[in-house]
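Listed in order, the protein sequences are those of chains P and V. Sequential numbering of the first sequence, starting at 461, is according to this note's numbering. Sequential numbering of the second sequence, starting at 461, is according to this note's numbering.
Keep in mind that the hints were calculated from the coordinates and are not lab data. Incorrect hints may have been included.
Which copy? The list can't say, so a pair holds if one copy fits it or any two copies do.
Claimed, not checked - In silico SDA-like links for lysine to any residue, alpha-carbon gap of 25 angstroms or less:
#: 1; residue 1: Lys721; residue 2: Pro761
#: 2; residue 1: Lys721; residue 2: Glu754
#: 3; residue 1: Lys537; residue 2: Ser790
#: 4; residue 1: Lys779; residue 2: Leu465
#: 5; residue 1: Lys721; residue 2: His747
#: 6; residue 1: Lys721; residue 2: Gly633
#: 7; residue 1: Lys524; residue 2: Val607
#: 8; residue 1: Lys779; residue 2: Asp464
#: 9; residue 1: Lys537; residue 2: Asp743
#: 10; residue 1: Lys721; residue 2: Thr760
#: 11; residue 1: Lys721; residue 2: Ser759
#: 12; residue 1: Lys721; residue 2: Asp743
#: 13; residue 1: Lys779; residue 2: Ala765
#: 14; residue 1: Lys537; residue 2: His747
#: 15; residue 1: Lys537; residue 2: Arg466
#: 16; residue 1: Lys524; residue 2: Gly614
#: 17; residue 1: Lys537; residue 2: Gly523
#: 18; residue 1: Lys721; residue 2: Gly522
#: 19; residue 1: Lys524; residue 2: Asn777
#: 20; residue 1: Lys524; residue 2: Glu795
#: 21; residue 1: Lys524; residue 2: Pro486
#: 22; residue 1: Lys721; residue 2: Arg757
#: 23; residue 1: Lys518; residue 2: Ser801
#: 24; residue 1: Lys537; residue 2: Arg593
#: 25; residue 1: Lys779; residue 2: Glu495
#: 26; residue 1: Lys779; residue 2: Pro811
#: 27; residue 1: Lys524; residue 2: Asn724
#: 28; residue 1: Lys524; residue 2: Arg780
Everything numeric in this text was worked out from a predicted model, so none of it was measured.
2 protein chains.
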Amino acid sequence: MSDDLRFPAPALTDFTRALFQTGGLPADKAGVVAEVLVEADLLGHVTHGLNLAGPYLKELDGGKMTAEGEHEVVRDKAAVAVWDGRYLPGLWLTRQAVEDATNKANTFGTGTVVIRRSHHIGCLASYLEAPARDGLVVEITCTDPSVVAVPAHGGLNPIFTPDPIAVGIPTEGDPIMIDLSASTTSMGTAALYRGRGEMLPGQWLQDSDGNPSNDPNVLVGDAPGTILPAGGMDHGYKGFSQALILETFTQGLSGLGRIDKVENWGAAVQVRVTDPECFCGADSFRHQAEYISELCRTSTPRDPANPVRLPGQSALNRKRQHLDDGVPLSEGILEQLREWSGKHDVPLPNPIS
Amino acid sequence: MSDDLRFPAPALTDFTRALFQTGGLPADKAGVVAEVLVEADLLGHVTHGLNLAGPYLKELDGGKMTAEGEHEVVRDKAAVAVWDGRYLPGLWLTRQAVEDATNKANTFGTGTVVIRRSHHIGCLASYLEAPARDGLVVEITCTDPSVVAVPAHGGLNPIFTPDPIAVGIPTEGDPIMIDLSASTTSMGTAALYRGRGEMLPGQWLQDSDGNPSNDPNVLVGDAPGTILPAGGMDHGYKGFSQALILETFTQGLSGLGRIDKVENWGAAVQVRVTDPECFCGADSFRHQAEYISELCRTSTPRDPANPVRLPGQSALNRKRQHLDDGVPLSEGILEQLREWSGKHDVPLPNPIS
Chain P
461 MSDDLRFPAP ALTDFTRALF QTGGLPADKA GVVAEVLVEA DLLGHVTHGL
511 NLAGPYLKEL DGGKMTAEGE HEVVRDKAAV AVWDGRYLPG LWLTRQAVED
561 ATNKANTFGT GTVVIRRSHH IGCLASYLEA PARDGLVVEI TCTDPSVVAV
611 PAHGGLNPIF TPDPIAVGIP TEGDPIMIDL SASTTSMGTA ALYRGRGEML
661 PGQWLQDSDG NPSNDPNVLV GDAPGTILPA GGMDHGYKGF SQALILETFT
711 QGLSGLGRID KVENWGAAVQ VRVTDPECFC GADSFRHQAE YISELCRTST
761 PRDPANPVRL PGQSALNRKR QHLDDGVPLS EGILEQLREW SGKHDVPLPN
811 PIS
Chain V
461 MSDDLRFPAP ALTDFTRALF QTGGLPADKA GVVAEVLVEA DLLGHVTHGL
511 NLAGPYLKEL DGGKMTAEGE HEVVRDKAAV AVWDGRYLPG LWLTRQAVED
561 ATNKANTFGT GTVVIRRSHH IGCLASYLEA PARDGLVVEI TCTDPSVVAV
611 PAHGGLNPIF TPDPIAVGIP TEGDPIMIDL SASTTSMGTA ALYRGRGEML
661 PGQWLQDSDG NPSNDPNVLV GDAPGTILPA GGMDHGYKGF SQALILETFT
711 QGLSGLGRID KVENWGAAVQ VRVTDPECFC GADSFRHQAE YISELCRTST
761 PRDPANPVRL PGQSALNRKR QHLDDGVPLS EGILEQLREW SGKHDVPLPN
811 PIS
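Same shape as in the complex, but just chain P (with noise of 0.2 angstroms):
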């Protein structure tokens, strides 16, 4: 990692916006992808960042992402909203339905928007911070119904995908910016230590027998294997039963799902914002957010050498110490940008020195 070059994040955001505005997208969608995108990276996330800006602009110009226009309104009552994505750019859709949610909040207490047949979203842990700093409860789920990965517990045909969840909980200090699924682990950890040679850290998956496995090329060839729901072949049927309520609440709300056959790369997604202001007001929830951080942050550790850590914190002090230092990215992800950058003639950002 230490050997991977380093760009400033604005430059890195300004050539991403201009790449996709090159590809097609207008200004403003280009700009709020191009955000969306850097900012994974500046959390880490290096699978859900810079590392899609490729086969999202593949998508755009092969007409999968649709690039004009709005997301069709199917029902807007009260609280809550249905939006037909038409598969404009999940970034940009998934930014906007945080915004209504949150109009929405601010209103009746709580705001809930479901899109379907949005493009993919990306890394659902970028949209949590400057709305939880904000006092915000901001809650994103979504399922892909195109993809199969995941089975039930107990069997063995794959019938979820790992099925994101991210939260952002406002504190008196950073957020709390949980990002986790409801599988062991996820495709792209999976094809990372497949692609490194190695094996995962823990039996996540089973073969094609159901026989547990930590063995990333069970899930290639030609009988492949699945990954297991969170919880593994011990307590399973934890990730299972969250599989079901957000592939059941994504899908269902939004009225698109496995059921239709879809097969186009894209999620149906849910966002729910919550406003601490409407409950016991904003400084109340924050007050006792903070407590119940503070007894983890002070902890006794089993491992005196690993200090308990809230999830989003190591997150967070990656992003102060990129933006001073820059983004690292990996050579296989420069390799892509070198070749979108001389396909669409935006030059590369020049790295830190």
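We have chain P; now place chain V onto it with these hints.
Just chain V now, kept in the frame of chain P:
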């Protein structure tokens, strides 16, 4: 289990209502408490059914469960409300919160009611079936800020309760009824195994030094250990994150939590109801959820003797059976009930012969 005496559910409900009325609860509250307790036994959640009648009657007797009056409405704004439960019976408060949140959901799309200073709310699955059959999605979560049992991931000090969440999801048949905790197991289950002198089925605990253990005796004694967050040693940051969500939502929104050094047995509760009719329609929701359920039910099982079961499926089958054949009660529970039957001069119903 097959040696347990069995009782007709209606007779048990009448008996329990009479016990609580004699104990001091007004008829309406006693009726709801009886119904919710018997519902838990019908579903097979035996630790949280009539097993709790004795402890509740004791709290009522000692003035720690409030008998008279209503909850105080701290705040009521559009889709959300905050109640002070004044330690009224949690089963009665929660049933009311589900009704109020349902009314809000019908009007605004979603409804959220949080309660501080509720008394214990029993078995969370007991509240789900009727609203789910009516097409509503109900989420119930609670934490007891006076109890600690579960540490942060990587920590040794107990910080959280096992922190349950229950979700009822409508389908075209039986609803999905999820009821799980953010920890690997519950205090009740660990106590059950300890009582039997058995080891737990998994490494769900750690001793006070942080060594993983399946021995329920590590939770007692001079230097007690803790129950691990869901995911265990391997990926317990998932259960830890879930606990942070449940604790900050319930305590942060209701305005009373661990920082207030609460000592009463009770709960901070969050009830959220979503009305799919305000999104794409209840039928559309059921249709999507049914399809996902069917994919799970018809999965190839890892073990042919154990087909995949949806959460709540066994419980609802058990309920149908118990309504036909009677509700089995263990000798331990009957012993408690006989004691209160004598104390309050309310005769225990006759078992089914």
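Checklist entry - Which hint numbers doesn't this structure obey? => result 3, 15, 16, 17, 19, 28
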